[in-house]
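Number of protein chains: 6
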Amino acid sequence: MATETLLPLELIDKCVGSQIWVIMNSGKEFTGKLLGFDDYVNMVLTDVTEIDPAEGNTQLPKILLNGNHICMMVPGGDATEVLEDE
Amino acid sequence: MATETLLPLELIDKCVGSQIWVIMNSGKEFTGKLLGFDDYVNMVLTDVTEIDPAEGNTQLPKILLNGNHICMMVPGGDATEVLEDE
Amino acid sequence: MATETLLPLELIDKCVGSQIWVIMNSGKEFTGKLLGFDDYVNMVLTDVTEIDPAEGNTQLPKILLNGNHICMMVPGGDATEVLEDE
Amino acid sequence: MATETLLPLELIDKCVGSQIWVIMNSGKEFTGKLLGFDDYVNMVLTDVTEIDPAEGNTQLPKILLNGNHICMMVPGGDATEVLEDE
Amino acid sequence: MATETLLPLELIDKCVGSQIWVIMNSGKEFTGKLLGFDDYVNMVLTDVTEIDPAEGNTQLPKILLNGNHICMMVPGGDATEVLEDE
Amino acid sequence: MATETLLPLELIDKCVGSQIWVIMNSGKEFTGKLLGFDDYVNMVLTDVTEIDPAEGNTQLPKILLNGNHICMMVPGGDATEVLEDE
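Protein chains in written order, with our numbering: chain A, 16 to 101; chain B, 16 to 101; chain C, 16 to 101; chain D, 16 to 101; chain E, 16 to 101; chain F, 16 to 101.
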């Protein structure tokens with residue numbers, strides 16, 4: 016059972032190079048490929064889609080997201096294409 | 016009486032592998048099994064239900080929650096199935 | 016006069032095992048017995064009442080409150096039964 | 016001119032034992048005597064008045080305010096009785 | 016080109032003794048002379064004007080602003096009297 | 016594939032001397048040339064435009080932005096003139 020433990024930074028580290036889905040505290044949502052992160056959970060994403068059902072999605076080539084304002088990260092890009100890594 | 020003391024990280028550590036109920040500062044609520052956490056109270060949950068009375072619940076296989084935005088954690092998954100650990 | 020000084024963590028430490036009243040930044044309010052805390056002012060409460068004048072109070076056996084989102088702590092449980100400790 | 020410099024913690028330190036006026040990020044306001052503080056600007060106040068023009072003031076014997084949520088501190092208790100310390 | 020680099024704390028340090036314009040995250044705005052600051056970007060201002068177009072400006076002799084809640088700092092006091100320091 | 020990794024501070028460091036687009040947590044947006052930054056992602060910008068579709072843009076010669084309140088940074092100034100740096 017001990018092998019089931021998964022630390023937050025381990026989960027993020029497994030996602031480098033893969034699609035993730037990030038929900039900011041303000042409600043903004045992004046999907047993109049995770050290029051890197053640091054101990055503050057700041058993240059660099061590439062090939063980013065800002066998801067905005069009201070005004071339409073926006074494509075951005077590369078962004079930095081401040082870890083302070085990231086509320087939740089879901090591996091796999093969005094709820095329909097989730098990563099099963101164990 | 017001194018044995019009654021329970022540090023925050025001790026409480027979280029006891030919950031690894033068990034169901035918890037997490038309420039974010041934004042009002043979002045999640046239940047799921049706690050896979051791991053770190054000193055910033057970032058948490059990895061698996062078999063997650065995002066509880067949304069208005070729009071219906073969402074199932075997510077695995078998420079990272081930013082400790083900055085976690086307001087409250089209740090051991091036991093929800094108010095109706097609480098963990099009595101002493 | 017120097018003896019009047021009271022550091023924040025000293026005040027919290029005096030409250031371990033006693034009733035406190037906690038007001039979160041979001042407006043949520045809790046009373047309960049303080050079981051423990053850490054340097055980030057994260058707190059573990061037991062025998063908790065979440066005070067909600069609009070929807071009614073909720074009883075919770077044990078919770079973790081994130082120090083980041085605690086706005087104010089009042090020793091004594093609520094405004095009517097305050098602790099006079101000097 | 017160099018003597019005009021006043022560091023934040025120096026200003027707070029000068030206020031220990033005196034009346035201060037604290038405005039929280041949420042808009043809550045308190046006046047009271049500062050009993051102590053720490054490096055996170057957490058503060059312990061005594062003989063506190065929570066100022067609430069809408070619902071009336073509340074007296075509290077002793078409170079802890081989380082430095083995270085303190086927006087502004089004015090030496091002197093309120094805008095009408097300010098401390099002139101130079 | 017390397018000489019063009021200006022670190023955040025260098026910019027603030029240059030402003031000690033000068034007028035600055037501070038915009039808080041809540042929307043509050045202050046102008047005043049910067050007396051000091053620390054690594055958390057907490058600031059002490061003197062001869063302060065709280066700018067409030069709706070309810071009128073307020074004069075305050077000395078205040079502490081919590082760096083956590085400072086959103087933006089503009090050297091020069093306000094947009095009309097900016098500091099040109101290079 | 017390992018060379019694809021890009022750490023947050025590496026991305027910011029590449030942007031020093033270039034145009035960036037910064038979106039604050041409050042919704043404020045700025046474009047300008049990045050003069051410097053620190054480990055807290057505080058940033059100094061020069062030749063700044065505060066973008067405000069409602070009230071019109073404002074020019075500011077130099078500002079400090081608090082990293083705490085920066086939500087997102089996009090290299091390249093705005094969505095229409097993005098930096099392709101690999």
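Hints may be right or wrong, so weigh each one.
As the list claims (entries may be wrong) - Below, a sample of chain A positions facing chain F; criterion: calculated Cβ distance under 7 Å:
hint, residue
1, Gly51
2, Leu75
3, Leu80
Claimed, not checked - Pairs of lysine to aspartate or glutamate residues, derived as EDC-like cross-links and limited to a Cα-Cα distance of at most 20 Å, are as follows:
hint, chain 1, residue 1, chain 2, residue 2
4, F, Lys48, F, Glu25
5, D, Lys29, D, Asp67
6, A, Lys43, B, Asp62
7, E, Lys43, E, Asp62
8, A, Lys43, B, Asp54
9, C, Lys29, D, Glu44
10, B, Lys43, C, Asp67
11, F, Lys43, F, Glu70
12, D, Lys29, E, Asp53
13, B, Lys29, B, Asp62
14, B, Lys43, C, Asp53
15, A, Lys29, B, Glu25
16, E, Lys43, F, Glu44
17, C, Lys43, D, Glu65
18, C, Lys29, C, Asp62
19, F, Lys43, F, Glu25
20, B, Lys43, B, Glu70
21, F, Lys48, F, Glu19
22, B, Lys43, C, Asp62
23, D, Lys43, C, Glu44
24, B, Lys29, A, Glu19
25, C, Lys48, B, Glu25
26, B, Lys48, A, Glu19
27, E, Lys29, E, Glu19
28, B, Lys48, A, Asp53
29, E, Lys43, F, Asp28
30, C, Lys43, D, Asp53
31, C, Lys29, C, Asp53
32, C, Lys43, C, Glu25
33, D, Lys29, E, Asp62
34, B, Lys29, C, Asp62
35, F, Lys29, A, Asp62
Rather than coming from a laboratory, the hints here were simulated on the basis of the structure.
Please read these numbers as outputs of a predicted model, since none were measured by experiment.
Glycine included, each C-beta is placed from N, C-alpha and C at the ideal position.
Hints, one by one, checked against the model:
1. Gly51: holds (4 Å)
2. Leu75: At about 6 Å, which falls below the 7 Å cut-off, the nearest Cβ of chain F leaves the hint on A/Leu75 intact, so it holds.
3. Leu80: holds (6 Å)
4. F/Lys48 - F/Glu25: Holds. F/Lys48 to F/Glu25 sits at ~17 Å (cutoff 20 Å).
5. D/Lys29 - D/Asp67: It is violated: about 27 Å lies between the C-alpha atoms, which goes past 20 Å.
6. A/Lys43 - B/Asp62: violated (24 Å)
7. E/Lys43 - E/Asp62: At roughly 16 Å apart (the allowed maximum being 20 Å), E/Asp62 and E/Lys43 satisfy the hint.
8. A/Lys43 - B/Asp54: Violated, because 26 Å separates the two Cα atoms, which is more than 20 Å.
9. C/Lys29 - D/Glu44: violated (25 Å)
10. B/Lys43 - C/Asp67: It holds: about 18 Å lies between the C-alpha atoms, which stays within 20 Å.
11. F/Lys43 - F/Glu70: holds (12 Å)
12. D/Lys29 - E/Asp53: holds (16 Å)
13. B/Lys29 - B/Asp62: Holds, at about 18 Å.
14. B/Lys43 - C/Asp53: Given that 20 Å is the threshold and the Cα spacing comes to 25 Å, the pair is violated.
15. A/Lys29 - B/Glu25: violated (26 Å)
16. E/Lys43 - F/Glu44: holds (17 Å)
17. C/Lys43 - D/Glu65: holds (17 Å)
18. C/Lys29 - C/Asp62: This hinted pair holds, its Cα atoms lying about 18 Å apart.
19. F/Lys43 - F/Glu25: Roughly 24 Å separates the two Cα atoms, so the pair is violated.
20. B/Lys43 - B/Glu70: The hint holds at about 12 Å.
21. F/Lys48 - F/Glu19: violated (25 Å)
22. B/Lys43 - C/Asp62: Not OK: B/Lys43 and C/Asp62 at ~24 Å, beyond 20 Å, violated.
23. D/Lys43 - C/Glu44: Answer holds: D/Lys43 to C/Glu44 is near 15 Å, not above 20 Å.
24. B/Lys29 - A/Glu19: At roughly 14 Å apart (the allowed maximum being 20 Å), A/Glu19 and B/Lys29 satisfy the hint.
25. C/Lys48 - B/Glu25: holds (17 Å)
26. B/Lys48 - A/Glu19: Roughly 11 Å separates the two Cα atoms, so the pair holds.
27. E/Lys29 - E/Glu19: Given that 20 Å is the threshold and the Cα spacing comes to 15 Å, the pair holds.
28. B/Lys48 - A/Asp53: violated (25 Å)
29. E/Lys43 - F/Asp28: violated (31 Å)
30. C/Lys43 - D/Asp53: violated (25 Å)
31. C/Lys29 - C/Asp53: holds (13 Å)
32. C/Lys43 - C/Glu25: Violated - the C-alpha atoms of C/Glu25 and C/Lys43 are around 24 Å apart, more than 20 Å.
33. D/Lys29 - E/Asp62: holds (18 Å)
34. B/Lys29 - C/Asp62: It holds: about 18 Å lies between the C-alpha atoms, which stays within 20 Å.
35. F/Lys29 - A/Asp62: Holds, at about 18 Å.
Checked against the numbered hints above, the structure breaks hints 5, 6, 8, 9, 14, 15, 19, 21, 22, 28, 29, 30 and 32 and satisfies the rest.
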